[in-house]
Amino acid sequence: ETGVTQSPTHLIKTRGQQVTLRCSSQSGHNTVSWYQQALGQGPQFIFQYYREEENGRGNFPPRFSGLQFPNYSSELNVNALELDDSALYLCASSQGQQHGYTFGSGTRLTVV
Amino acid sequence: KNQVEQSPQSLIILEGKNCTLQCNYTVSPFSNLRWYKQDTGRGPVSLTIMTFSENTKSNGRYTATLDADTKQSSLHITASQLSDSASYICVVINNAGNMLTFGGGTRLMVKP
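Read top to bottom, the protein sequences are chains U and H.
Take my numbering: the last position of the first sequence gets the number 798, and nothing is skipped along the way.
Take my numbering: the last position of the second sequence gets the number 121, and nothing is skipped along the way.
Hint data in this document are derived by calculation from the structure and do not stem from the laboratory.
These figures come from a predicted structure and were not determined experimentally.
Backbone N, C-alpha and C fix where the C-beta goes; we use that ideal spot for every residue, glycine too.
There could be a bad hint or two in this list.
As the list claims (entries may be wrong) - Simulated restraints on C-beta separations:
(1) H:Arg51 to U:Phe746: 18 to 28 Å
(2) H:Ala105 to U:Leu753: 15 to 25 Å
(3) H:Thr35 to U:Ala724: 19 to 29 Å
(4) U:Lys699 to H:Pro17: 28 to 38 Å
(5) H:Thr79 to U:Arg743: 28 to 38 Å
(6) H:Asp48 to U:Asn757: 23 to 33 Å
(7) H:Thr79 to U:Asn763: 36 to 46 Å
What the hints assert, rightly or not - Chain U is nowhere near these chain H residues, computed Cβ spacing over 12 Å in every case:
(8) Ser19
(9) Gln31
(10) Tyr45
(11) Gln81
(12) His85
Could you put the whole structure together from the sequences, leaning on the hints where they help?
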């Protein structure tokens, strides 16, 4: 059984650019969610996908968007990057709300 | 507004000692409350999952308690080890299971 894998592990982008982060869910998990974690702070919920549909969203602007694919893997897209978008982006998958979330190791995004 | 507050923000204890971390939340109604351990630069790892009807749950040296009336939870670590040094994050999931609210975490350092 494979866990949650995220790619890339590190990324440097310039302000104004667009970025796509990828997440492969754990086998058998149909729910995936994304989080932004600034240095020294707890994660902030961005959104959640269940069976390819967004079914929950935190307080993030529309330039944060996502996709979930039929194999339940997922992408996080961020447009018009800002310096404050620099953070660790975590992905987690689950079999459902009563089950545990398995987190990936994250993608460290630096916007310069 | 849904909030999860954790205390203390940071804690230093000697190896072998016990400690208790606190979590207060305003998320209502909620489905379950989870404690995670996060090593630096890594994704969070689940320690316990508690529904509103559960008062206590143990996982090895970790024991979580929940008081749904006062909206408080605690994580007690017994006989601390150097490897317990990490951030401990309290997460509350809403009733619909589509919104996760994270606390800011408690940064624990265990010294020899």
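Here is how each hint holds up against the structure:
For the pair Arg51 of chain H and Phe746 of chain U, the supplied restraint of 18 to 28 Å holds, since their beta-carbon distance comes to about 23 Å. Separated by about 22 Å at the C-beta atoms, Ala105 of chain H and Leu753 of chain U satisfy the suggested range of 15 to 25 Å. The given range of 19 to 29 Å is respected by Thr35 of chain H and Ala724 of chain U, whose C-beta atoms sit roughly 22 Å from each other. Between Lys699 of chain U and Pro17 of chain H the C-beta distance comes to about 35 Å, which sits within the given range of 28 to 38 Å.
Under the hint 28 to 38 Å, the C-beta atoms of Thr79 of chain H and Arg743 of chain U, about 29 Å apart, fit the expected range. About 29 Å separates the C-beta atoms of Asp48 of chain H and Asn757 of chain U, a value consistent with the hinted range of 23 to 33 Å. Restraint check, Thr79 of chain H to Asn763 of chain U: a C-beta distance of roughly 41 Å satisfies the suggested window 36 to 46 Å. Residue placement check: Ser19 of chain H does not keep its beta carbon more than 12 Å from all beta carbons of chain U (closest about 10 Å).
At roughly 14 Å, the least C-beta separation between Gln31 of chain H and chain U is larger than 12 Å, which holds for a residue marked as non-interface. For Tyr45 of chain H, the non-interface assignment is contradicted: its Cβ lies about 8 Å from the closest Cβ of chain U, within the 12 Å cut-off. Distance to chain U confirms Gln81 of chain H as a non-interface residue, since its nearest Cβ pair spans about 17 Å, more than 12 Å. The beta carbon of His85 of chain H is kept farther than 12 Å from every beta carbon of chain U, the shortest such distance being approximately 20 Å.
The earlier numbered hints that this structure contradicts are 8 and 10.
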